[in-house]
Amino acid sequence: MTDPIHPLPPADAPFLHIVDGRTVTARRGFSGRVVKFLGEPFASAWHHRDLIVAILQRELRERFNGSVAGWVWAIFSPLLSLVTYTVFFSGAVTLPNSSASRSPIDYGLFIFGGLIAFNFFSEMAYRAPSLLHEYAHYIKQTMFPAEMLSVISTLRATAYAAIGLALMLLCQLVFSGSLHWTVVLLPLWFLTFLAFLTGLTWLLSALGAFTRDTAYLMMTLSPVLMFATPVFFSHEALSPNVKLLMYANILTGFIEIIRDLVVFGRLPSAAVCAWTMFLSATTFWIGYWFFRRQQDGIADVI
Amino acid sequence: MVSPMSSDPDISDPDIVVGARHLAKAYRLYDNPQDWLRQGLLGAYKTYYKSFWALKDISFGIRRGESLGIIGRNGCGKSTLLQIVCGITRPTKGELWVRGRVAPVLALGATFDQEATGRENVLIGGAVLGLKRHEVLAKFESIADFAGIGAYMEQPIRLYSTGMRMRLAFAICAHIDADILIVDEALSVGDAAFQRKCVDWIDNFRRTGTLLFVSHSPNEMIRLCTNAMWIDNGRIREIGDSTDIARAYKRAARREKDNMARFSALS
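Protein chains in written order, with my numbering: chain A, 15 to 316; chain B, -3 to 263.
Nothing false has been slipped in among the hints.
Each computed DSSO-like pair below joins lysine-lysine, with the alpha-carbon atoms no more than 30 Å apart:
| id | chain 1 | residue 1 | chain 2 | residue 2 |
| --- | --- | --- | --- | --- |
| 1 | B | K42 | A | K154 |
| 2 | A | K50 | B | K89 |
| 3 | A | K154 | B | K128 |
| 4 | A | K154 | B | K193 |
| 5 | A | K50 | A | K154 |
| 6 | A | K154 | B | K46 |
| 7 | B | K52 | A | K154 |
One side of the interface only, derived from the structure: several residues of chain A facing chain B at Cβ under 8 Å:
| id | residue |
| --- | --- |
| 8 | L30 |
| 9 | V33 |
| 10 | D34 |
| 11 | L65 |
| 12 | R72 |
| 13 | K154 |
| 14 | D310 |
A short list of chain B residues far from chain A (calculated; beta carbon distances all over 12 Å):
| id | residue |
| --- | --- |
| 15 | D4 |
| 16 | K52 |
| 17 | S138 |
| 18 | Q151 |
| 19 | G159 |
| 20 | V185 |
| 21 | T222 |
| 22 | D228 |
To be clear, the hints were calculated from the coordinates, so they are not data collected in a lab.
Cβ atoms here follow ideal geometry from the backbone N, Cα and C, with glycine treated the same way.
Please put together the full structure from these sequences, using the hints given.
Below, the structure is given as structure tokens:
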């Protein structure tokens, strides 16, 4: 019997049901739970796509329209570093195998590729621990999907990385007259990197919500990590054992791949790709799992 | 007929939009950050925090189309209860269910991004409350019209007065087709004309939706709600007809003031 004045809400209306601190959801078997867990971050991002777009738009507008020169800064600062590295490091770096070194700009591009990847990482590493504090007003006051902040901030950082990458390709095009066909694989590189950084941000932001020590830890670790990452040198010149050890650092793989694709124009080694993808996927889902586990506490402690 | 404010609501009854059974919420208080780390690592063996029970035992059921006023002194647990109903924080014990879309007028004003313009905040706020982008855009003129803040819509929120912020927040909430509207003191920030506009809108909303209203003013509560709940120290002290509750609350407020005077006289 339905009351005509107060009609029943549609079947897809939101329904929240919590018993003793646990959200009640449909029962699933083991495989159902695995599929749900793996798909959940994507389903959630799709569900909140309008929110992601709205916040991302506003953040990018603030970044690029908030200052007088706006876009000029965004392009000028990576350009300056590209020129600097080309001028000061050409010759100082021995490029692996003689396949490359067609022009002095290759040295600059070699380092710039490493820098794009490392800066992409370090921006998230610095920002993630304070990310939830930055958005505390949303998380504490409204039913904001806090897990999407990691996605939003990684996408925002992607915009800067993409500008750097566009400059890199432009320089390559201007100085050598052509691009390697392998650059069409760059979107895959971006996707994998995005997955890794999103997972990392989930981990660091959840930890950072509880203790400010996370921010200090990352500030201490990040510069050290830069030297354990082949940004200014080529890890291929290292002894085989050390080289293998370098791959424990996921950034090594990312840097090797972007250099292969853009500077050397060759397909990266399958083993390196598989290893990098494996580390990314692991970070992504472990990060998501950890964040969801801590999420109930986060609104209370921030 | 079932009592309108059942203290033992039945989840299988689709008419009960907000139901709570023995709801309790504890916050964990740590003396220092080291204890938080110890709890994370060794929590299975020993407890390193003190529990603060903001809500101790709350049971009620609100049916579709009903309006419930919540009254109580500062710190009695009103805000915690609203946060739980909104899904912002999670109850520690007990059962809770909420059917339908919730529009919290109170919170939305506080969530505005200070640097973003009114327009951007409408887009973000609408999305947070579950509207699709095209729906927000379609309703934008109407929202701007309701808020009545004119050209300020294109200015950053930090330039807004408290009243203007509240106007915008209410305007958004009024446009999301909510099933449950949650209103708190926020309303008292607006000027008389806007308050009347809001009250008229709420009156109209009550014909189809469910209202949760938090106030320190018993009279305002009687005006907007048929039922009321008086929370005291995390428990329901009295629940029932809003006129009766308001009378009891006013009487108690006078008595407690007397008590305080007596204590200060003693010291």
